[in-house]
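In case it helps, the numbering used here puts the sequence shown at residues 292 to 470.
Misleading hints may appear alongside valid ones.
Capping the alpha-carbon separation at 27 angstroms, the derived lysine-lysine pairs in DSS-like fashion look like this [said to hold, decoys possible]:
no., residue 1, residue 2
1, 451, 440
2, 420, 363
3, 336, 350
4, 420, 370
5, 443, 420
6, 370, 350
7, 463, 380
8, 443, 463
9, 380, 457
10, 463, 440
11, 463, 394
12, 443, 394
13, 363, 350
14, 420, 440
15, 394, 420
16, 380, 369
17, 350, 403
18, 403, 468
19, 436, 451
20, 443, 457
21, 468, 370
22, 295, 336
23, 380, 363
24, 369, 468
25, 420, 403
26, 350, 295
27, 420, 436
28, 380, 420
29, 403, 380
30, 370, 380
31, 457, 440
Cβ-Cβ distance ranges computed for the label pairs, FRET-style [stated by the list, open to error]:
no., residue 1, residue 2, range
32, 391, 430, 17 to 23 angstroms
33, 366, 457, 43 to 49 angstroms
34, 463, 400, 53 to 59 angstroms
35, 407, 356, 33 to 39 angstroms
36, 303, 349, 22 to 28 angstroms
37, 388, 417, 26 to 32 angstroms
38, 320, 342, 27 to 33 angstroms
39, 382, 298, 37 to 43 angstroms
40, 438, 468, 52 to 58 angstroms
In short, the hints are calculated from the structure, not lab data. All residues carry an ideal CB built from backbone N, CA and C; glycine is no exception.
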Amino acid sequence: METKVTSTDFWRLNGDLHRITSELIENGGELTDEMSQELERINVKQEVMADAIFQMSQKVDVQAQAIDAEIKRLQALKKARQNSVESLKRYLLNYMLDNGIEKIDSDLITCKVMAGRESVYVDEDEELKPYIPQVENLGLPSWVKVELKVNKTELGKYIKAGNPVKTAAIYKNPYLKIG
């Protein structure tokens, strides 16, 4: 059986302990049989309260774990539903792109293929290959690490300026606007 413990129980127990301490001081430090019995009662109450707190904390921990599991289950369910909606939208977009359909009007909605923003596709390994020997020939100590990385924004500007690049291209990522 679970024992309920409240803050009032602590206040009472604390008051009882202070009262016994005051009586002990007034009695010149001599412990009477009555005070000894009262201390024993307080010790028993302390043990009961400690056990009750432990049981309550165990119960709450189990409940918290169950709540965490339910939250994870609901998040996974939400993610699955969102993924299926996104998948259906991608199917519709691909259908429209494959068949040259720019717009679908219905009584409920209008679906339109939008051009999307420009992105730069680059095969970084191939693009950076010519520069690797230059970095290796710098003679840097082994504890210095040089990382080569393509700046896609600058590469996009370079391509737009009409410069040929074999391992990169600019493309537009179309998307579906539903409204």
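Outcome of the hint check:
no. : hint                           : verdict
1   : 451 to 440                     : 20 angstroms, holds
2   : 420 to 363                     : 45 angstroms, violated
3   : 336 to 350                     : 21 angstroms, holds
4   : 420 to 370                     : 40 angstroms, violated
5   : 443 to 420                     : 16 angstroms, holds
6   : 370 to 350                     : 30 angstroms, violated
7   : 463 to 380                     : 18 angstroms, holds
8   : 443 to 463                     : 14 angstroms, holds
9   : 380 to 457                     : 33 angstroms, violated
10  : 463 to 440                     : 22 angstroms, holds
11  : 463 to 394                     : 18 angstroms, holds
12  : 443 to 394                     : 32 angstroms, violated
13  : 363 to 350                     : 20 angstroms, holds
14  : 420 to 440                     : 11 angstroms, holds
15  : 394 to 420                     : 43 angstroms, violated
16  : 380 to 369                     : 17 angstroms, holds
17  : 350 to 403                     : 54 angstroms, violated
18  : 403 to 468                     : 5 angstroms, holds
19  : 436 to 451                     : 32 angstroms, violated
20  : 443 to 457                     : 14 angstroms, holds
21  : 468 to 370                     : 21 angstroms, holds
22  : 295 to 336                     : 12 angstroms, holds
23  : 380 to 363                     : 26 angstroms, holds
24  : 369 to 468                     : 22 angstroms, holds
25  : 420 to 403                     : 41 angstroms, violated
26  : 350 to 295                     : 12 angstroms, holds
27  : 420 to 436                     : 17 angstroms, holds
28  : 380 to 420                     : 39 angstroms, violated
29  : 403 to 380                     : 11 angstroms, holds
30  : 370 to 380                     : 15 angstroms, holds
31  : 457 to 440                     : 17 angstroms, holds
32  : 391 to 430: 17 to 23 angstroms : 57 angstroms, violated
33  : 366 to 457: 43 to 49 angstroms : 44 angstroms, holds
34  : 463 to 400: 53 to 59 angstroms : 23 angstroms, violated
35  : 407 to 356: 33 to 39 angstroms : 44 angstroms, violated
36  : 303 to 349: 22 to 28 angstroms : 24 angstroms, holds
37  : 388 to 417: 26 to 32 angstroms : 28 angstroms, holds
38  : 320 to 342: 27 to 33 angstroms : 32 angstroms, holds
39  : 382 to 298: 37 to 43 angstroms : 59 angstroms, violated
40  : 438 to 468: 52 to 58 angstroms : 38 angstroms, violated
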